[in-house]
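Undergrad: One letter stands for each residue in the lines below.
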Amino acid sequence: MKMTGAQMMCESLIREGVDVMFGIPGGAILPFYQTLPEFPALKHILVRHEQGATHAADGYSRASGRTGVAIGTSGPGSTNMITGIACAQTDSVPMVCITGQVARGAIGTDAFQETDIIGASMPVVKHSYQVMHAVDVPRVVREAFYLAKTGRPGPVLIDFPKDVQTEVGDFVWPEEPQFEVDYRPVLDANPADLKQAAQLIAQAQRPVILAGHGVIIANAFDEVQQLAEKTQTPVITTLLGVGGMVSDHPLNLGMPGMHGVAWASMAINEADLLIAIGMRFDDRVTGRLSAFAPGAKIIHVDIDPAEIGKNVRPTVGIAGDANRVLRQLSQYIAPATHPEWLAHLDRLKKEHPLFVPKGGEYVYQQEVVESLSKLTDGRAIIVTGVGQHQMWAAQLYRFKERGLFLSSGGQGTMGYEVPAAMGAAVARPDKTVWSLAGDGGFQMTMYELATCAENNIPVKFAIFNNNCLGMVRQWQTIFYKDSYVATLYTKNPDFVKLADAFGMPGIRVTKSDEIADAIKKANAHPGPVLVDFVVDPMENVYPMIPAGQSLAELIEDPRLKQRATAGQKAH
Amino acid sequence: MATGSTHTIVAIVHDRPGVLNRIATVIRRRGFNIASLSVGHSERPGLSRITFVVDGDELVADQVTKQLRKLVDVVRIADITGERLVGRELALVKVRAAPQNRAEIIQFVDIFRANIVDASVESLIIEVTGDEDKVTSLISLLQPFGISEVMRSGRLAMVRGMIAGGDSTNVARVMANGSGPTPLVEVDRSGG
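So the sequences go chain by chain: B and W. Per this note's numbering: the first sequence = residues 33 to 603. Per this note's numbering: the second sequence = residues 153 to 344.
By construction, these hints were calculated from the structure, which means they are not laboratory data. Treat the numbers as computed from the prediction; the structure is a model and nothing was measured. There could be a bad hint or two in this list.
Just the calculated beta-carbon pair ranges, DEER-fashion [unchecked claim]:
1. THR288(W) - SER96(B): 40 to 48 Å
2. ILE268(W) - PRO217(B): 36 to 44 Å
3. VAL200(B) - ILE268(W): 54 to 62 Å
4. SER300(W) - ASP220(B): 53 to 61 Å
5. ARG136(B) - ARG181(W): 43 to 51 Å
6. ASP280(B) - ARG181(W): 38 to 46 Å
7. LEU211(W) - ASP545(B): 55 to 63 Å
8. ASP254(B) - LEU242(W): 53 to 61 Å
9. LEU242(W) - ILE587(B): 58 to 66 Å
10. ASP304(B) - THR288(W): 49 to 57 Å
11. MET303(W) - GLU208(B): 42 to 50 Å
12. PRO217(B) - ARG181(W): 16 to 24 Å
13. GLN594(B) - LEU211(W): 44 to 52 Å
14. GLY170(W) - ARG591(B): 53 to 61 Å
For every residue, glycine included, the Cβ atom is placed at its ideal position computed from N, Cα and C.
Just chain B, same shape as in the assembly:
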């Protein structure tokens, strides 16, 4: 069947199951856009900036497990997508980005809006294509979606020159992606490794499971929980692993590391076995590597063989899909109990609790998260930005369902939250979606409020407004003797008026007793809504492990000590 390259692209996207795309047109991608009316099954959401398109596609992916699609034009359109692509690459999120490109004959001439996006994006994509013939479009799309979703997922970019979009050719849909021998993710463990891993598990007296994003990506929730329950092994979740297990499961210890809960970091420190699943021993988790888990043997399961041995040398490394490997491993595992270890961890939990301040001059971010957790029954999709609010959300939101926590982990992309929440809400209309932002991150991508208002995408936008870049300010407080260089905003916009300008209701909260009411109102509102929580500018996130220190050098909230001393005096 004869089609233009643009028609082939649309037809191929539909065959790949795409129902919605986030994008913004420009000259070099216009033939593709002008073809969209012929393909009504492809819904397009017009964003306000290409970075927003990529984060929206990312949020769509993470919330649904389907591959998100972002579209931009050539030149600046494509370079604006780099941040979102890098974010998805580091966090292993499947995404397909389509960029317009100048006509083939103009490539390399510094034509108007020509950027070498293949070159510019090369270090941050899983793979990329520049389609030079219309007849290649179906194969390229098929391969791109296959690559994005299989193995360790990631973003794939398709650069689409303008005259290839209009070129006519025969549409031939390849039934299977035509990879020769080059791309073959390792999925299954070999029995020898499984036996050795099972032996380590059987011998362990103080084991912990470290569950990362891979558990969520591989849909290995049940498998992790079964392993934990069968062997009575506590589970620690990395930032992106939050949501890998319901928060109140008795074996779920929560997040370790730089701003993780104290008992989780302590558990790693004292453990004699780490069972690391779908995580990559990021420095925010490990602290100083040479002092990490000093007494522990390590089993490392990851879909990416290059992660095994990259940061930490495991005793047993198993390259494979978390779900399949854990199913295979379960056949070798005998039930076990560790009552003393669990009792010890329980004591640590009681002795080193999180401090949640309440009833101050300002609203505290922690009480907002706690309230949000209660009033959404732990079942909202929580999309965070980066910084203090992100850490408090990870520490304090009690998830009653799994896979609902979306956050930019590896890249720490401020500005992720607003468009990613938009993508998540498009993917999951059945869910309440909250975007949690600091006032800094919010202002990086707040233009997508217009997209939400225009399309009635019902995201609840919470701003934790402390008039500063809170986490950076915290570092200045602790490491730079209160020298606040370039972190304090002296004139923020009026976010409630801004909400009004964008066409959605805005609520301001300045007192603790207003929190619940505002959240209830926002939850009840059928469309997008903004809540500006004016929060304490000087509140710090604890515990804290300074960068480059070991997990043992954890700093707890100083108020815990004061409270303990006061308690002793009272007796």
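Position chain W relative to chain B; hints supplied.
TA: Leaving out everything else, chain W in the frame of chain B:
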């Protein structure tokens, strides 16, 4: 990471635009130190063969191999350092050759089983093939005469053929025949 040890890594890659760029990007981004890299056609059309010599220990070589294997255009890659292999380098050396020195230069060329591939009034171009030590030795012996240009190919490496009763793996065969991952290519899934 300067341990002084080197590893020889051989890759079969698709001969497509941008492949070398992708490989170079991974090497630069991960901070690997490549002592030499040589690329050429393989025995199969559409596939090129690359020999890398990597400075660093086992762990570095392991990461180079694994990170490059993630590239979709890399069909096969293996660290063949531990194998019985043939490693050769080609060098062209242009050396000043005054009449009174010519005989001595020609003697060195003979000893090293090198060839004179160009002669002019002023200079000779010498072609030498061998392992890196041999090439380096000849170059240092020619140094006193005055070397004006040197071009070294970097190492080309190939695993030796099967010996009777032996279990040596013919990497060239298994790497190129597309018969799926082989033990050698899948070495060290444990990362240890």
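Undergrad: Now, for every hint given, state plainly whether the structure supports it.
TA: Verification of the supplied hints:
| no. | hint | result |
| --- | --- | --- |
| 1 | THR288(W) - SER96(B): 40 to 48 Å | 59 Å, violated |
| 2 | ILE268(W) - PRO217(B): 36 to 44 Å | 53 Å, violated |
| 3 | VAL200(B) - ILE268(W): 54 to 62 Å | 59 Å, holds |
| 4 | SER300(W) - ASP220(B): 53 to 61 Å | 58 Å, holds |
| 5 | ARG136(B) - ARG181(W): 43 to 51 Å | 29 Å, violated |
| 6 | ASP280(B) - ARG181(W): 38 to 46 Å | 41 Å, holds |
| 7 | LEU211(W) - ASP545(B): 55 to 63 Å | 57 Å, holds |
| 8 | ASP254(B) - LEU242(W): 53 to 61 Å | 58 Å, holds |
| 9 | LEU242(W) - ILE587(B): 58 to 66 Å | 60 Å, holds |
| 10 | ASP304(B) - THR288(W): 49 to 57 Å | 51 Å, holds |
| 11 | MET303(W) - GLU208(B): 42 to 50 Å | 45 Å, holds |
| 12 | PRO217(B) - ARG181(W): 16 to 24 Å | 21 Å, holds |
| 13 | GLN594(B) - LEU211(W): 44 to 52 Å | 46 Å, holds |
| 14 | GLY170(W) - ARG591(B): 53 to 61 Å | 56 Å, holds |
Figure legend: structure checked against the earlier numbered hints; hints not met, in rising order: 1, 2, 5.
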